[in-house]
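Q: Taken in sequence, the protein lines are chains A and B. 1 is the number of the first residue of the first sequence in my numbering; add one for each residue after it. 149 is the number of the first residue of the second sequence in my numbering; add one for each residue after it.
If you are wondering where the hints come from, they were derived from the structure by calculation, not from laboratory data. If you're wondering where the values come from, they're calculated on a predicted model, not measured in any experiment. A couple of the hints might just be wrong.
Said to hold, decoys possible - One-sided excerpt, in silico: chain A residues whose CB lies under 10 Å from chain B:
no.: 1; residue: 7
no.: 2; residue: 8
no.: 3; residue: 33
no.: 4; residue: 35
no.: 5; residue: 46
no.: 6; residue: 49
no.: 7; residue: 73
no.: 8; residue: 75
no.: 9; residue: 96
no.: 10; residue: 114
no.: 11; residue: 115
no.: 12; residue: 120
no.: 13; residue: 121
no.: 14; residue: 133
no.: 15; residue: 144
Using N, Cα and C, we set each Cβ at its ideal position, and we do this for glycine too.
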Amino acid sequence: MEFRNFSLLVRDTKVHGFADGLERGELLASKCTSCGKVQYPPQSDCPHCFGTEFEWVPVHGVGKLVSFTSVFVTPDHFTPDLSRTAPFSAYGYQPAPVGIVEMEDGLRVMGWVLGLKADSLRVGMRLAPRPEVLPDGRATVVLVKAEG
Amino acid sequence: MGNVAVVGVGQSHFGIRSDASLRELAFEAVKACLEDAHVPLADVQSMVVSVASDELSCALQPSAQVVDYIGFHPRPSFRVEGACASGSMAVRTGWMNIASGLADLVLVVGAEKMTEAPTARATEVLGRAGDFLWEYPFGMTFPGYYALIAQAHMAKYGTTEAQLAAVAVKNHHYGALNPYAHMRKEITLEKAMNSFVVAAPLKLYDCCLISDGAAAILLASEKLAKRISKKPIWIRGLGLGTGSLSLAHREDLTTLGATVEAARQAYEMAGVGPKDIDVAVVHDCFTIAEIVAYEDLGFCPKGEGGRLVEDRETYIGGTIPVNVDGGLKSKGHPIGTTGVSMAVEITKQLRGEADEGRQVPKAEVGLSHNVGGNGQHAVVHVFSQDKE
Ligand SMILES: [Zn+2]
C-alpha cells in the first residue's frame, strides 16, 4: 500500500512498510537491531545509538488513554462539506474523537476513537489500538474498547 | 560578551488588516520603531526578519518583500523561522548579531499576513507545524494539539473549563485597553464558557485570533545604546529550548519541556528567578497554554496554574501580572510577529510607557515567553532597566 494512503501528504519514507502493515491488519513499530530500542511511530534511524538497521515488531495489547479531543474546526483535508463555513455555521457536525493511548511498554499511539462517544471517554480508560482500512482504500489507526 | 539593549520599538495595528499587504504592515512597524528611536534607517547595519509562513505569504523568502519595501538593500538581512516562536528567535538572532561584534545597530522585524487565507486553509497550515507525517493524518489541528494538553491537565490536576475561560476574560480585559489590539472588547466568563467548541474542551474564546500585523524593535550595542536612548532596556537573559515534534512522544503532556529548558537558561544568564519578574508576556495561543506557562516558568507550583488566574494573581496588583497587553488571545497572533511584539510590550512596560490602565507599577524586570508550534521550540527572554 502506498504510504500516502496513511499519511495523506507524504509518499517517500524508509518506513513505508508501516502502511503495508496496516493493510495486512498489523500495527507495526520499529526495533533497532543494534540497541533494541522500540519506537512508535516507527523510525528507520535510531536516535539512541545512531543505528540505521531496524526490524518490524507488532504493537500488541491494550493501552491507557492519556488524552483525547474532538476537533470541530477542521483543517482543509478533513473539512466535511456541510461545515465548510465552520466555525460560524450552525450545522451539527460530529467529528470522531482522537486519542493517545500509552501501551504497557510505554509506547504511545495516536488514533481515531471508534465506537465510543466523546462524552463517555475518560483519561485512564483502557483502549486497544488496531489498524483500520477505510472504504476509500486509505488506512489508519483506530482505538477501540478493550475486551474484558 | 557585550551588552545589548532595545532602543526603539514600534508596531502596526493588529487585526483583519484587509487594507494592507505583508510589506506594508512591516513598513508601519519599522517607521514607528525608527521614529521612537530617533534613528534614520541609514544608520542601521543589519536586519533580521521573521515571517513564519511561506504558504500564508504566498512566496519563498518573504523577508525579501520587507527588505525591499523599506529600502534596506544592499545591507545584510536574513530571515529566521520557528513557527509561532519565529519573532523571539529573530530577537535572539539580533542579539547574537550584536554580541558577536558583527554589528552595533540591528533592526528586528516580525510580520505576518494571515487573514487572506480561508479559515480551513490557515487551520491546516498552522496544524502542520506539528508532526504532519504521523499526527496530521488524524485531523490534528493547532487547537487539537492544545486540546490534548488541556484534557491531560484537567485530568491530572483538576483544572477546570472555568479556569481556562478566566484566562480569556483577563486577556480581553487588558486587550480592550490596548489601542493596537485585534479584538478590543471585554468578555464575560459566561460568554467564554458558552462559545462553540473548536476542539474539545477548547472553545472559541480559548483560542487566539488569526491576525495580520507587524512589529519592530531596534537593538543596539552598549556603545551606541546610551547615545541613542535615555531609557535603553537591556536583554539580560536568553533561553531557547526544543521539544518533541510528535505530541505522542511526550512523557508528560501537561508541561512543555522546551519552556522549562528555555526558562532555566534565561534565568541563569540573567541571574534572576521567577520571583524577580515584575511583568511577563507568555504564549497564550490557547488559554491552557497560559496556564501551563505559569507553571513551566515557575510563577506557581506545577498544577496550580488554573488557581493562579482564578485568584486574579496574574492581573495587575497580583503576584505576577501576565499578558496585560491582551496577549495573543485579544491583542492577536500574527505568528511571525508575536515574539517581536512581546519585546515591544515589555520594553514599554519597563520604560513606564504602557497605556493607561495596563501599566504595571514600578516594573523593572520583565520576561517574554514565546512557543513555536505545540512546544517544538520555546524562547524566553529576560529584560531589565538595569544593565547588570
Ligand atoms: Zn539503536
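Q: Now tell me if each hint is right for this structure.
A: Hint check:
A distance limit of 10 Å between C-beta atoms decides the matter here; for residue 7(A) the minimum to chain B is near 6 Å, and the interface restraint holds. The closest approach between the C-beta of residue 8(A) and any C-beta of chain B is roughly 5 Å, which is under the 10 Å cut-off, so the hint is satisfied. The beta carbon of residue 33(A) is not positioned within 10 Å of any beta carbon in chain B (closest approach about 21 Å), and the interface hint is therefore violated. With its C-beta approaching chain B no nearer than about 18 Å, residue 35(A) sits outside the 10 Å limit, and its interface hint is violated.
With a cut of 10 Å, the hint placing residue 46(A) at the interface with chain B is violated, because the nearest CB-to-CB distance is about 14 Å. The interface hint given for residue 49(A) is violated, since its Cβ lies 18 Å from the closest Cβ of chain B, which is over the 10 Å cut-off. Interface hint status for residue 73(A): upheld, as the beta-carbon distance to the closest one in chain B is roughly 5 Å, under 10 Å. A hinted interface residue such as residue 75(A) counts as satisfied when its beta carbon comes closer than 10 Å to some beta carbon of chain B; here the least separation is about 4 Å, so the hint holds.
For residue 96(A), the suggested interface contact is upheld, since its CB lies about 8 Å from the closest CB of chain B, less than 10 Å. With a cut of 10 Å, the hint placing residue 114(A) at the interface with chain B is violated, because the nearest CB-to-CB distance is about 12 Å. Annotation: interface hint on residue 115(A) violated; nearest CB of chain B at approximately 16 Å, more than 10 Å. A hinted interface residue such as residue 120(A) counts as satisfied when its beta carbon comes closer than 10 Å to some beta carbon of chain B; here the least separation is about 13 Å, so the hint is violated.
Of the supplied interface hints, the one on residue 121(A) holds, with its beta-carbon coming within about 9 Å of a beta-carbon of chain B, less than 10 Å. Of the supplied interface hints, the one on residue 133(A) is violated, with its beta-carbon coming no nearer than about 14 Å to a beta-carbon of chain B, more than 10 Å. The interface hint given for residue 144(A) is violated, since its Cβ lies 15 Å from the closest Cβ of chain B, which is over the 10 Å cut-off.
Violation of the numbered hints given earlier is confined to hints 3, 4, 5, 6, 10, 11, 12, 14 and 15; the remaining hints are satisfied by the structure.
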